[in-house]
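> My request is simple: use the sequences and hints to build the entire structure.
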Amino acid sequence: MAEQPKTIEIEVLRYHPEKDKTPHTQVFEVPFTDDMSVLQGVQYIKDYLDGSLSFRWSCRMAICGSCGMMINGIPSLSCQTFLRDYYPARVRVEALAHFPIERDLVIGMEGFIEKLESIQPYIIPKEPRTPAQGEYLQTPEQLAKYEQFSSCINCLLCYAACPQFGLNPGFIGPAATALLHRYNVDSRDGAQAERMELINSEEGVFNCTAVGYCSEVCPKHVDPANAVNQNKTNSAADYFLRFLSPKGGAK
Amino acid sequence: MNKRRPYVRPMDGWWRKNPYFVEYMIHEATALFVAAYAAVLLIGLLRLAQGEAAWTAWLATLQGGWAILFHLLALVAISYHTYTWFKIMPRTMPPVIVGGKKLAGWVITAGGLAAAAAASLALLALVWGMAR
Ligand code: SF4
Ligand code: FES
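Chains as they are written, first to last, in the working numbering: chain A, 1 to 251; chain B, 1 to 132.
Please note that a few of the clues may not be correct.
Heads up, simulated DSS-like pairs for lysine-lysine below, C-alpha to C-alpha not over 27 Å straight-line [unchecked claim]:
#	chain 1	residue 1	chain 2	residue 2
1	A	232	A	220
2	A	126	A	145
3	A	46	B	3
4	A	21	A	46
5	B	17	A	21
6	A	232	B	101
7	A	232	B	87
8	B	87	A	220
9	A	145	A	232
10	A	145	B	17
11	A	145	A	220
12	B	102	A	145
13	B	102	A	220
14	B	3	A	220
15	A	126	A	232
16	A	46	A	6
17	B	3	A	145
18	B	87	A	126
19	B	3	B	17
20	A	21	B	87
21	A	232	B	102
22	A	19	A	46
23	B	102	B	17
24	B	3	A	19
25	B	87	B	102
Hints listed in this document are in silico derivations from the structure and should not be mistaken for laboratory results.
Right under this line is the structure:
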C-alpha cells in the first residue's frame, strides 16, 4: 500500500522589493514524504503553489553552498535538512540572517564577494618558478595545516551565525578569515605579510568576541572560529615583533 | 531603473533569538562576578595592610548573611564561567599535535576542566589546613 501523504506547514518570510515595504510571512501547506528536504519543500511551493517564490539552490547535495536559509532560526543548508524532523510542527524558513534580503529567501552577497576578493584567495608564490623547475612538494604535515580550512563552500551559514557580523557588516567575518588562513599557512604561499594587514585592520579579527556559533553551524567542519582566533594571536605577535625588526615596522 | 531595494533586518534583541547566544551572553555576564570577586580579595589585602582591627572587621563582614549569599551566587556564576570558558577553548587556540595527530576538542575541554577542579581542590585543602 502506498504511504499516506502527509502535509506540513511551511512558513516563509516573503519580501518583494517592488511591492513590499517590509518582509511578511506566508504559510503554505506542503504535502511531503519522509525523504524530502526543506529545499524540496520550497521547490514544491514554487512549482505548485506560488511561482513567484525566490530562492537559490543548485547541487541539492550539500556541496555548492547556495541553498543556505534560516530554518527555525538556525542557519542551515536547506538541501541537507529534512521536513520529517519538524513534522507535525510548522517549519519556519527565512533568508540567511545578517544579510540584506534581495527578495524572499535570496540574500545580497556582494559584501562577501568583496571580502573574498580582498583576501587574495589563491597561492602567491614566494618566488617566481618555471614549469621546468618541477612541481611544488608538500609533506602530509604541511597539508594538514590548511586542509580543513580549504573545505569551505562559501555557504555563508557562519555569517548568519555571527552576531558581530550582524552588528558590523564591515567585519571580514568567519569564512573569509578561514580562507585567508588557509593560504597564509600554505607552505607554497608567500603573501602572509599582505594578508596580515587585513587581519590587523579595523575590519579584522578583533571584531570577534569568540561567540563560536559560526563553527557550530558550519556544514563542512571548517571551524572558522579557530582560524579567526588563531589570527588574533598572529596579529598580536605581528604587532609586537615589528618593534624588534630593523625597519621598526616601517613599510 | 534599478528595481533592487535590499531589506536590512534590524538586530534588536539578537541575543534572545538563539539559545546559543543566550548562553554566550550569560557567559559574558558571569565575567562580572569574576571581576567582583577579584575586587573582594583586593579589598581584603587592603584591610590587611591597614592593621589587625581592619582585618578582623573585614573577616566579620564576610561572615554576614549577605556576604555568604554573595559567595554562593559567585560560586555558581564563576563555575558556569569556567565551564563555558573551557568549552570554547579548543576553538580559540592553535591545534595541539600529539603523535602526529590533532588533539580532539573535547580532550582540551576536559583537560581544562580537570585542571580547574584540581586547582580549586588544592586551594581548598591548603586553606582548610591553614585554618585548623
Ligand atoms: S566556513 Fe563553513 S559555514 Fe562558513 S561559508 Fe565556509 S563552509 Fe559555509
Ligand atoms: S543545493 Fe547545493 S548546498 Fe544545498
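> Hint by hint, say whether it matches the structure.
Hint check:
1. 232/A to 220/A: holds (23 Å)
2. 126/A to 145/A: Satisfied, since the Cα-Cα distance of roughly 18 Å is no more than 27 Å.
3. 46/A to 3/B: This hinted pair holds, its Cα atoms lying about 22 Å apart.
4. 21/A to 46/A: holds (22 Å)
5. 17/B to 21/A: holds (23 Å)
6. 232/A to 101/B: Distance ~24 Å between residue 232/A and residue 101/B Cα, so the pair holds.
7. 232/A to 87/B: holds (19 Å)
8. 87/B to 220/A: holds (20 Å)
9. 145/A to 232/A: holds (17 Å)
10. 145/A to 17/B: Not satisfied, since the Cα-Cα distance of roughly 35 Å exceeds 27 Å.
11. 145/A to 220/A: Within the cut-off at roughly 16 Å; holds.
12. 102/B to 145/A: holds (10 Å)
13. 102/B to 220/A: With Cα atoms ~17 Å apart, residue 102/B and residue 220/A stay inside 27 Å; holds.
14. 3/B to 220/A: violated (35 Å)
15. 126/A to 232/A: holds (24 Å)
16. 46/A to 6/A: Holds. Residue 46/A to residue 6/A sits at ~19 Å (cutoff 27 Å).
17. 3/B to 145/A: At roughly 45 Å apart (the allowed maximum being 27 Å), residue 145/A and residue 3/B break the hint.
18. 87/B to 126/A: violated (38 Å)
19. 3/B to 17/B: violated (31 Å)
20. 21/A to 87/B: violated (42 Å)
21. 232/A to 102/B: holds (20 Å)
22. 19/A to 46/A: With a Cα-Cα distance of about 19 Å, the restraint between residue 19/A and residue 46/A holds, given a limit of 27 Å.
23. 102/B to 17/B: Answer violated: residue 102/B to residue 17/B is near 34 Å, above 27 Å.
24. 3/B to 19/A: Given that 27 Å is the threshold and the Cα spacing comes to 10 Å, the pair holds.
25. 87/B to 102/B: holds (17 Å)
Hints 10, 14, 17, 18, 19, 20, 23, counting from the list given before, are not met by this structure.
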